[in-house]
Amino acid sequence: AQSVTQPDIHITVSEGASLELRCNYSYGATPYLFWYVQSPGQGLQLLLKYFSGDTLVQGIKGFEAEFKRSQSSFNLRKPSVHWSDAAEYFCAVGGYSGYSTLTFGKGTMLLVSP
Amino acid sequence: GAGVSQSPSNKVTEKGKDVELRCDPISGHTALYWYRQRLGQGLEFLIYFQGNSAPDKSGLPSDRFSAERTGESVSTLTIQRTQQEDSAVYLCASRLTGDTYEQYFGPGTRLTVT
Chain A
1 AQSVTQPDIH ITVSEGASLE LRCNYSYGAT PYLFWYVQSP GQGLQLLLKY
51 FSGDTLVQGI KGFEAEFKRS QSSFNLRKPS VHWSDAAEYF CAVGGYSGYS
101 TLTFGKGTML LVSP
Chain B
1001 GAGVSQSPSN KVTEKGKDVE LRCDPISGHT ALYWYRQRLG QGLEFLIYFQ
1051 GNSAPDKSGL PSDRFSAERT GESVSTLTIQ RTQQEDSAVY LCASRLTGDT
1101 YEQYFGPGTR LTVT
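Protein sequence lines, in the order shown, are assigned to chains A and B. In case it helps, the working numbering puts the first sequence at residues 1 to 114. In case it helps, the working numbering puts the second sequence at residues 1001 to 1114.
Since the hints were made in silico from the structure, they are not lab data. Positions of the beta carbon are idealized from the N, C-alpha and C atoms, including for glycine. Check each hint, because a few of them may be wrong.
Stated by the list, open to error - In silico DSS-like pairs for lysine-lysine, Cα to Cα no more than 27 Å straight-line:
#: 1; chain 1: A; residue 1: LYS61; chain 2: A; residue 2: LYS49
#: 2; chain 1: A; residue 1: LYS49; chain 2: B; residue 2: LYS1011
#: 3; chain 1: B; residue 1: LYS1017; chain 2: A; residue 2: LYS49
#: 4; chain 1: B; residue 1: LYS1011; chain 2: A; residue 2: LYS106
#: 5; chain 1: A; residue 1: LYS106; chain 2: A; residue 2: LYS49
#: 6; chain 1: A; residue 1: LYS106; chain 2: A; residue 2: LYS61
#: 7; chain 1: B; residue 1: LYS1057; chain 2: B; residue 2: LYS1011
#: 8; chain 1: B; residue 1: LYS1017; chain 2: B; residue 2: LYS1057
Stated by the list, open to error - To give an idea of the interface, some chain A residues facing chain B are shown, with a C-beta separation under 8 Å as derived from the structure:
#: 9; residue: GLY28
#: 10; residue: THR30
#: 11; residue: TYR32
#: 12; residue: GLY43
#: 13; residue: ALA87
#: 14; residue: PHE90
#: 15; residue: LEU111
What the hints assert, rightly or not - Derived list of chain A stretches under chain B, where covered just means 3 residues or more per stretch with a C-beta under 8 Å from a C-beta of chain B:
#: 16; stretch: 45-59
#: 17; stretch: 103-109
Using the sequences and the accompanying hints, generate a full structural model.
Shown next, in the form of structure tokens:
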């Protein structure tokens, strides 16, 4: 069965500092990987996704993530955090069937300090 | 264009009552998913509709939960005899089959069972 682990429940970063959110997955084949962001009272918005090819993927709002097969990881990064980035971030894994559901991690809450 | 919409945005109900939650997917999206998000938890898959195929109900937690979808349009999630543990945000997502598998999420319905 597929699973996703986000080891950090909360992270606090100073505005302007760099950010890395960790995600480890378990999946029996090459996975589809996603990062979503959820602002308070909002639905989930897709930040970026990985299917194949270049292991470093760029997303919206200045985010990027790197797929590392050997480490079963898909960590999210941003070089300089803005106060508006404060939100909850979810990593998700899906399969190649195209019809499969996504398995989500429990999320990491990002707090941005002035 | 219009995104995924859900109604109501908030619902407070008494234990034992039935509730219906509605999801309007993006027009033309053939796949529709329901998820449950409990406080501090990731998203828990409930049910998946794909066109006119039989739905994947493998995530429904009990027979008190059911969902319907008419063709490729509106879906209704029904919870009968609600319990306090049903309190959660219920999220709906839709997807355009054949694309890169991105799910587009609605804002959710926050259900509180008193």
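Consistency of the hints with the structure:
Taken as a hint, the LYS61(A) and LYS49(A) pair is honoured in the structure, with Cα atoms around 14 Å apart against an allowance of 27 Å. A distance of roughly 33 Å separates the Cα atoms of LYS49(A) and LYS1011(B); the hinted pair therefore is violated under the 27 Å criterion. Between LYS1017(B) and LYS49(A), the direct Cα distance comes to roughly 40 Å. Violation of the 27 Å bound is thereby established for this hinted pair. In summary, the hint linking LYS1011(B) to LYS106(A) is supported, as the alpha carbons are separated by about 24 Å, within the 27 Å threshold.
Of the supplied pair hints, the one linking LYS106(A) and LYS49(A) holds, its CA atoms being roughly 18 Å apart against a limit of 27 Å. For a cut-off of 27 Å, the pair hint linking LYS106(A) to LYS61(A) stands: about 22 Å separates their Cα positions. Our distance criterion of 27 Å between C-alpha atoms is met by LYS1057(B) and LYS1011(B), whose separation comes to about 23 Å. For a cut-off of 27 Å, the pair hint linking LYS1017(B) to LYS1057(B) stands: about 22 Å separates their Cα positions.
Interface hint status for GLY28(A): violated, as the beta-carbon distance to the closest one in chain B is roughly 17 Å, over 8 Å. A cut of 8 Å between beta carbons decides the hint on THR30(A): the least distance to chain B is about 13 Å, and the hint is violated. Interface hint at TYR32(A): satisfied, since its Cβ lies 6 Å from the closest Cβ of chain B, which is below the 8 Å cut-off. Of the supplied interface hints, the one on GLY43(A) holds, with its beta-carbon coming within about 4 Å of a beta-carbon of chain B, less than 8 Å.
For ALA87(A), the interface hint is violated, since its Cβ never comes within 8 Å of a Cβ in chain B; the closest pair sits about 14 Å apart. Because the closest C-beta pair between PHE90(A) and chain B is about 6 Å apart, less than 8 Å, the hint holds. Interface hint at LEU111(A): violated, since its Cβ lies 15 Å from the closest Cβ of chain B, which is beyond the 8 Å cut-off. Residue count for the stretch 45-59 of chain A with a Cβ under 8 Å from a Cβ of chain B: 4. That meets the three needed, and the coverage hint holds.
Only when three residues or more bring their CB closer than 8 Å to a CB of chain B does the claim for the stretch 103-109 of chain A stand; here the count is 5, and the claim holds.
Going through the hint list in order, the structure does not satisfy hints 2, 3, 9, 10, 13, 15.
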